[in-house]
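K.L.:
Residues -30 to -1, 1 to 607 (mature numbering (1 follows the signal peptide of the UniProt record, and there is no 0)) make up the sequence shown, in order.
Any given hint might turn out to be false.
[Claimed, not checked] In silico BS3-like pairs for lysine-lysine, Cα to Cα no more than 27 Å straight-line:
no.: 1; residue 1: K532; residue 2: K470
no.: 2; residue 1: K294; residue 2: K322
no.: 3; residue 1: K341; residue 2: K147
no.: 4; residue 1: K291; residue 2: K341
no.: 5; residue 1: K511; residue 2: K470
no.: 6; residue 1: K360; residue 2: K350
no.: 7; residue 1: K350; residue 2: K322
[What the hints assert, rightly or not] Here are the computed distance ranges between Cβ atoms for each label pair:
no.: 8; residue 1: R327; residue 2: D397; range: 54 to 62 Å
no.: 9; residue 1: K227; residue 2: S437; range: 34 to 42 Å
no.: 10; residue 1: G398; residue 2: S447; range: 24 to 32 Å
no.: 11; residue 1: R556; residue 2: Q195; range: 26 to 34 Å
no.: 12; residue 1: G120; residue 2: D295; range: 43 to 51 Å
no.: 13; residue 1: S447; residue 2: D241; range: 43 to 51 Å
no.: 14; residue 1: Q357; residue 2: E422; range: 20 to 28 Å
no.: 15; residue 1: S447; residue 2: S281; range: 26 to 34 Å
no.: 16; residue 1: G427; residue 2: Q195; range: 51 to 59 Å
no.: 17; residue 1: D525; residue 2: P346; range: 22 to 30 Å
no.: 18; residue 1: D397; residue 2: P346; range: 30 to 38 Å
no.: 19; residue 1: E538; residue 2: L491; range: 43 to 51 Å
no.: 20; residue 1: L520; residue 2: P421; range: 29 to 37 Å
no.: 21; residue 1: D525; residue 2: K227; range: 53 to 61 Å
Hints listed in this document are in silico derivations from the structure and should not be mistaken for laboratory results. C-beta: ideal position from N, C-alpha, C; glycine also.
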Amino acid sequence: MKHIQRKMMHKLGAGAVALSVLLSALPAVAADSDKTILELRLQGGSNTAIVNGQNASIAKPYSKSGALMVPAGVFKKAFNSKIRLAEDNVVKISSGAHVVSLTIGSRTAWVRGHKVTLPAPPEMSAGILMVPLRQVAEGLGGKLEKNGAGIVIRMEAQEEAGKVAEETPSIDNDEGKTQIGNSYYDWSMNYPTGLVIGQGGGDESISTFMDENSAYYMEVHTASQPVPLNADDLLQQLVQTAKETGEIVVDRKSFPKSKVPYARVITKDGDGVLWENRQYYDNGRLYVIYFSDAKATNYKDLAQYAGLLNSFKTSFNAQDKSIKDLSTVVGGTREAGNPDYGVSLSIPAGWKMDDQRMQYESNDGSSFRLKVTSAPADAKLENWSRQLQKWLSDSFVSTAYEAQKTYPLEVAGVQGLVQEYRYNFGDGWVKEYNVLIQQNGYRYLAEYAVPEKVSKGNDQFNALISSLQIDFQTVASNFGQLEEDDYLADKTKTVKKTSKAYEYTVNIPRYWTAISDQFELGDVEYQFTGGSFSIKVDNDKSFELTVSQLKDFYDKQGKSYKNLKVEEVKDVTFAGVSAASFTFHRVEEGIGYTGRQIVLERDGKTYTVTTTLNDANNTGVQSNALDSTLNSFMFVK
């Protein structure tokens, strides 16, 4: 079992922990009423910065693509900015009302609600998160100026900084609270002085903590566990998880006679960091604790934290006022939304939340998302509705979808349209509601989908839409021209892609979504509703070996699995050279699809082009797009 939050911590490394990438809660320096000016002086290649007149050690800044990359932690040191890690590698840096949202590895950022392109993407370097200085500093309200070979950044102390800290308070803001926990997920533990509350990335089932001096890091995870587990089962799971993540198990033990039986392992990860991991089963849930001390050198060093770890309980006493409740659940729902778009709504407790993308989902397959796009000139709701209906018929064969009804509905105080339809990829019917709203030159598309096998009628949809509130002036204030609805993309339009390194071109439909589109690096992949297209280039494996292995694979799989049928294996000419083509049909978890792999060789490189298309989505429009893409592939010099 691999957990999102823990994988992210491994990626960031111990250095990032020390820089408090996850610490959004350390108390802010109060801003003086006379607008105190804070100052940071630094220089590329120097690991010494001057923070408000005091020398401070930092990771050395360096230049990349014209940007000076600096450790994200300097903004906290100098300006008391808040740094928070959310889901999907998103890092938010805030100072007062100014917010900069970055994604590790991406040049796209949001600065004060506006989408910008960075000269270089944020990246991890020796375990430290490095970000482009100018864009972050200016986004936080700072002013930059050259000072010899160095740079000076000045910024007014923010009065709102203290309010930001209150969103994830430390022990100093919780007088009288000696325990901490979550009433919705039924757990609690001691709340020692100096324990800082991190963020769960919109998922309340994950709680993160750190010591204010970075002495330790801790996570508490909860998940539904319908099958009871005893202490030995828990131990086996912990050991297996360690093996899967490449960690060394240093110590292990189960505690079957405890009030709530549990198991514990101590592991050493690839960075040499020692972790104590525990699992408990109670209340129909699995509770998992991850605890690390980056300075520990022997597994016995973790014994000093036994008091904190042993205080963990799979219960929450709501009558005990000394317990700080981390849960934000009220009446079975949590508040969600995105202030950049003026959107707020109530999401069922237990759903995963991604407020930045306004995407929310339940473990039972239900989901809700809201997307805001620019409206074409003179566009009408009725035309938009017809275009979405066409998208449905272009994407699903007639037996795999059913358009049910369209009707007007008042949403967030304005008149909208609701489309109800159902579709089936092969693994069961899904009911979907599209809510279309158009205001002030922008379109708001809300989508609620629920598998029919778990649907309880319209109640959940009605509750979500009734809770949806939108300030329609906010988008116009924060954004200019946004992208148009990707559902409305012309499926016949393509963009020509070229790989100079591998000497080929191919025309990619604009409606496809890029999963990996670095054509100079070798492997590319695109997906679309019910299908995929990929190109893999191998410099080491010969054409003959690749074809031989595929023939052997399909021969064995075709004989062993009734759900796989090899339909055709033949020699073809592809892109002007001899190639081998494999066509098969497979059913996985009820979803049937046709796949094709074409293998060819040129100048010592072996190319494998793979396509898949679900039976439910094998429309003329989609199959023509795949065929046109294959036919467009050609080698160039």
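K.L.:
Now look at each hint and say whether the structure bears it out.
P.N.:
Taking the hints in turn, this is what the structure says about them:
{"no.": "1", "hint": "K532 with K470", "verdict": "violated (42 Å)"}
{"no.": "2", "hint": "K294 with K322", "verdict": "holds (22 Å)"}
{"no.": "3", "hint": "K341 with K147", "verdict": "violated (40 Å)"}
{"no.": "4", "hint": "K291 with K341", "verdict": "violated (41 Å)"}
{"no.": "5", "hint": "K511 with K470", "verdict": "holds (21 Å)"}
{"no.": "6", "hint": "K360 with K350", "verdict": "holds (16 Å)"}
{"no.": "7", "hint": "K350 with K322", "verdict": "violated (33 Å)"}
{"no.": "8", "hint": "R327 with D397: 54 to 62 Å", "verdict": "violated (25 Å)"}
{"no.": "9", "hint": "K227 with S437: 34 to 42 Å", "verdict": "violated (47 Å)"}
{"no.": "10", "hint": "G398 with S447: 24 to 32 Å", "verdict": "violated (43 Å)"}
{"no.": "11", "hint": "R556 with Q195: 26 to 34 Å", "verdict": "holds (32 Å)"}
{"no.": "12", "hint": "G120 with D295: 43 to 51 Å", "verdict": "holds (47 Å)"}
{"no.": "13", "hint": "S447 with D241: 43 to 51 Å", "verdict": "holds (45 Å)"}
{"no.": "14", "hint": "Q357 with E422: 20 to 28 Å", "verdict": "holds (26 Å)"}
{"no.": "15", "hint": "S447 with S281: 26 to 34 Å", "verdict": "violated (48 Å)"}
{"no.": "16", "hint": "G427 with Q195: 51 to 59 Å", "verdict": "violated (28 Å)"}
{"no.": "17", "hint": "D525 with P346: 22 to 30 Å", "verdict": "violated (52 Å)"}
{"no.": "18", "hint": "D397 with P346: 30 to 38 Å", "verdict": "holds (35 Å)"}
{"no.": "19", "hint": "E538 with L491: 43 to 51 Å", "verdict": "violated (31 Å)"}
{"no.": "20", "hint": "L520 with P421: 29 to 37 Å", "verdict": "holds (35 Å)"}
{"no.": "21", "hint": "D525 with K227: 53 to 61 Å", "verdict": "holds (54 Å)"}
Checked against the numbered hints above, the structure violates hints 1, 3, 4, 7, 8, 9, 10, 15, 16, 17, 19; every other hint is satisfied.
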